[in-house]
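*Asks:* Could you build the full structure based on these sequences and the hints that come with them?
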Amino acid sequence: LAYAYPVNDLFSFGVKYKFVHENLGTADIAVKEIDKENGIYEYETREWQINHWGFDFGGFYKVGFKDLVVGVAFQNFSTDMKYWTEVFQLPLVLRMGLAMDLAKVILEDQTDFEINTAVDILHPIDYTERVHLGTELVYKEMFALRAGYKFNYDVEDFSFGVGLKFNFQGYEGSFDYGYTHAQFFESINRFSLSFAL
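The numbers in my numbering rise by one with no breaks, and the one at position 39 of the sequence shown is 51.
If you are wondering where the hints come from, they were derived from the structure by calculation, not from laboratory data.
No experiment lies behind these values; they were computed from the predicted model shown.
Treat the hints with care, as some may be off.
Said to hold, decoys possible - Pairwise CB distance ranges (calculated): (1) 190 x 119: 22 to 30 Å; (2) 48 x 69: 48 to 56 Å; (3) 27 x 50: 55 to 63 Å; (4) 200 x 130: 29 to 37 Å; (5) 23 x 195: 33 to 41 Å; (6) 56 x 196: 34 to 42 Å.
Yeah, the Cβ is synthetic: ideal placement off N, Cα and C, and Gly gets one too.
*Replies:* Right, dumping it as structure tokens:
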């Protein structure tokens, strides 16, 4: 459940409520020692599942320089959760980002190209900082080339892709392809085809 509100033309904020269900199955837990020398214990079967809630909230601000946008979000605010005796929380994450069409700075007098670029910085409470960098070159709102890089990840690093918008028998459609390199596993290829009805 999410709610967003534009305060004015420059600033907007939003909040999201989420329900979390986690089920790790069942396990037999030793609860009483019967014969220590022979390793005999009394066991109890417990279900390892939990229901909980969390909140995300954040906002973005249009700086006023070209179309530069700055955003901040706090994710996974929650109270304590408990599996039997272990108490923990959802992994709190602070995200900060910048986004801008660089073509409005580099190629001021043209309208054919967009160079949409974004930087996303993550600060998780249970891991070191991570950075996402991505850019998209768009020509006449029809053809796009995309590239990105994830810093400080164990598996994924660089990615690239293409996109194409077209008209088929009066329907607007789009085709997208994305490739993500994986360091220890097979790389990921994503294809999508969509039509506007």
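*Asks:* None of the hints should be skipped; say for each whether it holds.
*Replies:* These are the hints, each one checked on the structure:
1. 190 x 119: 22 to 30 Å: Given about 26 Å between the Cβ atoms, the range holds.
2. 48 x 69: 48 to 56 Å: 52 Å Cβ-Cβ, so the 48 to 56 Å window holds.
3. 27 x 50: 55 to 63 Å: 57 Å, holds
4. 200 x 130: 29 to 37 Å: Given about 20 Å between the Cβ atoms, the range is violated.
5. 23 x 195: 33 to 41 Å: 40 Å Cβ-Cβ, so the 33 to 41 Å window holds.
6. 56 x 196: 34 to 42 Å: For residue 56 and residue 196 the Cβ distance comes to about 39 Å; the hint holds.
Against the hints set out earlier in the document, a violation occurs for number 4 only.
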